[in-house]
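S.K.: As a plain string of letters, each chain reads:
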Amino acid sequence: MKPMDLTAAELGRAIKEKQTTAMEAMQAVFEVIGKREESLNCYVTVDREAAFQRAEEVQKRIDRGELTGPLAGVPVAVKDNLCTKGMRTTCSSRILGNFVPSYTAEAVVKLEEAGAVIIGKTNMDEFAMGSTTETSAFGPTRNPWNEAYVPGGSSGGSAAAVAAGECFMALGSDTGGSIRQPASFCGIVGMKPTYGTVSRYGLIAYGSSLDQIGPLCRDVTDCAAMLEVISSHDAKDSTSIAREDTDFTAALTGDTAGLRIGIPRAYFAEGLAPAVRERVLAAAEVLRERGAIVEEFDLDLVQYAIPAYYTIASAEASSNLERFDGIKYGYRSGETEGLHKMYKKTRSEGFGEEVKRRIMLGSFVLSSGYYDAYYLKALRVKALIRQAFDAAFSAFDLILGPAAPTTAPLLGESLQDPIKMYLGDIYTVAVNLAGLPGITVPCGLDNTGLPVGMQLIGNCFEEKKLLRAAFAYEKARGAFAACREEA
Amino acid sequence: MGKEKQYETVIGLEVHVELATRTKIFCGCSTAFGGEPNTHTCPVCTGMPGSLPVLNEKVLEYAVSVGLATGCEITRYCKFDRKNYFYPDNPQNYQISQLYLPICRNGSVEIETKDGTKQVGIHEIHMEEDAGKLIHDEWEGCTLVDYNRSGVPLIEIVSEPDMRNAEEVIAYLEKLRLIIQYLGASDCKLQEGSMRADVNLSVREAGEAYGTRTEMKNLNSFRAITRAIAGERERQIDLLEAGEAVIQETRRWDDERGCSYAMRSKEDAQDYRYFPDPDLTPVRISEAWLAERKAALPEFQTEKKIRYREEYQIPDYDIEILTGSRQMAELFEKTTALCGEPKKVSNWLMGEAMRLLKERGLDPEDIRITPSNLAELIAMTNRREINGAAAKEVFEAMFDTDVDPARYAQEKGLLMTHDTDALTRAVKQVLKDNPKSVEDYRGGKEKAIGFLVGQTMKAMHGKADPALINGMLRELLSGEAKFDA
Numbered sequence: 240m241k242p243m244d245l246t247a248a249e250l251g252r253a254i255k256e257k258q259t260t261a262m263e264a265m266q267a268v269f270e271v272i273g274k275r276e277e278s279l280n281c282y283v284t285v286d287r288e289a290a291f292q293r294a295e296e297v298q299k300r301i302d303r304g305e306l307t308g309p310l311a312g313v314p315v316a317v318k319d320n321l322c323t324k325g326m327r328t329t330c331s332s333r334i335l336g337n338f339v340p341s342y343t344a345e346a347v348v349k350l351e352e353a354g355a356v357i358i359g360k361t362n363m364d365e366f367a368m369g370s371t372t373e374t375s376a377f378g379p380t381r382n383p384w385n386e387a388y389v390p391g392g393s394s395g396g397s398a399a400a401v402a403a404g405e406c407f408m409a410l411g412s413d414t415g416g417s418i419r420q421p422a423s424f425c426g427i428v429g430m431k432p433t434y435g436t437v438s439r440y441g442l443i444a445y446g447s448s449l450d451q452i453g454p455l456c457r458d459v460t461d462c463a464a465m466l467e468v469i470s471s472h473d474a475k476d477s478t479s480i481a482r483e484d485t486d487f488t489a490a491l492t493g494d495t496a497g498l499r500i501g502i503p504r505a506y507f508a509e510g511l512a513p514a515v516r517e518r519v520l521a522a523a524e525v526l527r528e529r530g531a532i533v534e535e536f537d538l539d540l541v542q543y544a545i546p547a548y549y550t551i552a553s554a555e556a557s558s559n560l561e562r563f564d565g566i567k568y569g570y571r572s573g574e575t576e577g578l579h580k581m582y583k584k585t586r587s588e589g590f591g592e593e594v595k596r597r598i599m600l601g602s603f604v605l606s607s608g609y610y611d612a613y614y615l616k617a618l619r620v621k622a623l624i625r626q627a628f629d630a631a632f633s634a635f636d637l638i639l640g641p642a643a644p645t646t647a648p649l650l651g652e653s654l655q656d657p658i659k660m661y662l663g664d665i666y667t668v669a670v671n672l673a674g675l676p677g678i679t680v681p682c683g684l685d686n687t688g689l690p691v692g693m694q695l696i697g698n699c700f701e702e703k704k705l706l707r708a709a710f711a712y713e714k715a716r717g718a719f720a721a722c723r724e725e726a
Numbered sequence: 009m010g011k012e013k014q015y016e017t018v019i020g021l022e023v024h025v026e027l028a029t030r031t032k033i034f035c036g037c038s039t040a041f042g043g044e045p046n047t048h049t050c051p052v053c054t055g056m057p058g059s060l061p062v063l064n065e066k067v068l069e070y071a072v073s074v075g076l077a078t079g080c081e082i083t084r085y086c087k088f089d090r091k092n093y094f095y096p097d098n099p100q101n102y103q104i105s106q107l108y109l110p111i112c113r114n115g116s117v118e119i120e121t122k123d124g125t126k127q128v129g130i131h132e133i134h135m136e137e138d139a140g141k142l143i144h145d146e147w148e149g150c151t152l153v154d155y156n157r158s159g160v161p162l163i164e165i166v167s168e169p170d171m172r173n174a175e176e177v178i179a180y181l182e183k184l185r186l187i188i189q190y191l192g193a194s195d196c197k198l199q200e201g202s203m204r205a206d207v208n209l210s211v212r213e214a215g216e217a218y219g220t221r222t223e224m225k226n227l228n229s230f231r232a233i234t235r236a237i238a239g240e241r242e243r244q245i246d247l248l249e250a251g252e253a254v255i256q257e258t259r260r261w262d263d264e265r266g267c268s269y270a271m272r273s274k275e276d277a278q279d280y281r282y283f284p285d286p287d288l289t290p291v292r293i294s295e296a297w298l299a300e301r302k303a304a305l306p307e308f309q310t311e312k313k314i315r316y317r318e319e320y321q322i323p324d325y326d327i328e329i330l331t332g333s334r335q336m337a338e339l340f341e342k343t344t345a346l347c348g349e350p351k352k353v354s355n356w357l358m359g360e361a362m363r364l365l366k367e368r369g370l371d372p373e374d375i376r377i378t379p380s381n382l383a384e385l386i387a388m389t390n391r392r393e394i395n396g397a398a399a400k401e402v403f404e405a406m407f408d409t410d411v412d413p414a415r416y417a418q419e420k421g422l423l424m425t426h427d428t429d430a431l432t433r434a435v436k437q438v439l440k441d442n443p444k445s446v447e448d449y450r451g452g453k454e455k456a457i458g459f460l461v462g463q464t465m466k467a468m469h470g471k472a473d474p475a476l477i478n479g480m481l482r483e484l485l486s487g488e489a490k491f492d493a
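As given, the protein sequences belong to chains A and B, one line each in that order.
In terms of the working numbering, the numbers along the first sequence are unbroken and rise by one, the last being 726.
In terms of the working numbering, the numbers along the second sequence are unbroken and rise by one, the last being 493.
Hints are computed from structural coordinates only; laboratory data are not their basis.
Hints are not guaranteed to be accurate.
To be verified - 30 Å max Cα-Cα, derived DSBU-like pairs, lysine-lysine:
#, chain 1, residue 1, chain 2, residue 2
1, B, Lys440, A, Lys583
2, A, Lys595, B, Lys66
3, A, Lys580, B, Lys91
4, A, Lys475, B, Lys141
5, B, Lys225, A, Lys583
6, B, Lys453, B, Lys440
7, A, Lys324, B, Lys141
8, B, Lys141, A, Lys583
9, B, Lys87, A, Lys567
10, A, Lys475, B, Lys313
11, A, Lys616, B, Lys183
12, A, Lys580, B, Lys183
13, A, Lys475, A, Lys255
14, A, Lys475, B, Lys440
15, B, Lys66, A, Lys584
16, A, Lys567, B, Lys440
17, B, Lys87, A, Lys595
18, B, Lys440, B, Lys313
19, B, Lys141, A, Lys567
20, A, Lys584, B, Lys453
21, B, Lys91, A, Lys616
22, A, Lys475, B, Lys87
23, A, Lys567, B, Lys91
24, A, Lys580, B, Lys225
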């Protein structure tokens, strides 16, 4: 049996049934890493020796019957903005290039407790700011479907690693689409849970009120299994929510009869690539055929989501990133003459262009005299967007749309025009502003052979509905050509 | 010099009080003083990437209690805001504080002034975190940071500009201190920095609008505050008299040199870019919780004084001192409840206890005697088991280490002897040895008896009842008997 042919859930079962082992699975992962990592650049840090050692320990605990969960022995990757004790955590930034945390993020602890084996830390847009993984200080990640293209971002390393088979599943974080968009570009399943479902303790913050950790997986079943493991009420995170309905795999019934699905007209208006439009609407048709009630409707305020998002996220980021100052950890500029010059030089040299742009933007919208006009207004827009979704969810169970206006752009195409890049977040950011759960499922390829993703959005705490519909669609769709087989 | 203008001083205070919680405001680290640098720290209070703050509910409890005790409105929906500024003692480079929705607003405290009572308005009370400490190593030429104090909870009490002189300022601070100490919310020690007062001061000609104010920092004692107020008033008047303007700025008081110097002016004031901290959820205060806080408020000095006057027959002066600290008042009340002799309890506390506090450089809050021990000491003197001098010795031991008085007196041999034969022998011997004093006494010199009592006490190694000796002496001396060998 070839572990690489299995999903994470299947692998977990095979290990439990002694058809394979955690070490064999790790071996398979490293064979792919050996073949493809040099060109794909999915990882910032891979610790091969430690990964095998952990796989061996986990296998022993599985053999002793101590680990019985579905993810025991499964090799996983972790986005490099999640702290891992003793393992370098960089946020793909020069300023944290040498930073080794003293503690492990809660979501990663949950994965480890479930017996998942950490392979390494995946590449990302610097501090999760970007939509292509090109703003990384450690070079861009390439799309495994076609290496001329970006994998999306900011969790591009995680998405590409899952798609290419450099891991079985990965953790990402989603502030404005950073899980869903790269999952869509890489032809995998990515989910952003309801804000507060997964503890943010140990996630190096970008926009604290929007950030949420979530799974990037080969299929919906893996996604449900991973979410079940990482969701927890954590007293260390004040925004964490105690939930009882976290048996997400129970939602995978395949039943969609009577499910009311709304399609926002604005999501299919100008600016959407025809191939994406066609594939996503075809996916909606599949759900309709399986008994869902699919209707178009008008979702209000769609056009205000992007400015509100960039105002709030940048404001929070400008404050969140103040701690990177060269004093306590991370990069410090060599030539330092006095405290303030040290701060300036360290931060000028330590942060990349996009991060500096957002720090400037965020500092501006919070500054005295502009706070009301920008930041407070954006908060009001956020509240109104939430109301628009509330209205939508009084009529529909789920909202269906694309994850991004296009498939993956070519490498080097996006960074020259940041505004254009920001506009690409049109279908994802509103979900973060409203704190909602969203999932993307691959629904076809465009003419160049790049994956298209369908996004489903649910009301707060309705991950189960999302997973139910996504699972039903996935079953109806059938196997999705995996790029790792073509490699 | 021409006709002197009449200037009025206008003063408002910003008082920072360190709360007496066991753990920090946003993490579980100890707030204890004196640890090795960076030992009372964790990822949260050192600003490690990915760490998150969680509010210590005890901080909220204390802040609300102080607000209730000062007649404030309690904000039912309050938030924490980030105050952004770069400095190495501030590990996140933002301080979590409250700007937009502070926990308490619009209160007041009543102070006694020479012209009667006066209300000093409280603008607001907010919660915030303390910063770490920078240690400049002159030898190595570097600066080190100790984050043990980082995240220690503070409340900032902002008064209205209602005070007009240093006496009112001190009275206000004393009153705040007393209220907060009664609540157990802080020990409020200026010298140790658990209470810090910044003085906002301006001057104006009588009847005019407020002048431009300055803010004075680094005031570590009431004396420094008094001196700084006088100095700043004078400095501002001199400027105005010279036709110059007062600049709105922050000044640092140098108590050794008795002057202040400007730290930063309003022009280079930083933009703190305050905004609500997204890592902390808003605090919602329920009626039930607030009612609990109200019910838990202690009896404060004002009410205590009234009750003491009714309940205990002790002088007003004693009442003032005893209720001047909750610890002292409690010790008084509990001891009195045990022995039923308020005057004797008060005498011990007003006399010996105050003397020892002064001698040891302690505050009334530091007193550690247990009521049962003090009641026992009083009972021992009542039973004439111990004389006054020995009782004072026992009291001192109790003051220092709260020893059991009976056992201590026993061990130290301080109990009075009840061997009348021995006492009679000693008295007779003293009379025999001191014919001159005997003669003096019989000749009408009443004072001579004191010397004879003293000699007998000496012979008894202090373990006798001086009143008893006095009686025996008088009886023996009343006859004509000779006491020669």
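S.K.: Broken hints, numbered, in rising order?
M.R.: 1, 2, 10, 11, 12, 13, 14, 15, 16, 18, 20
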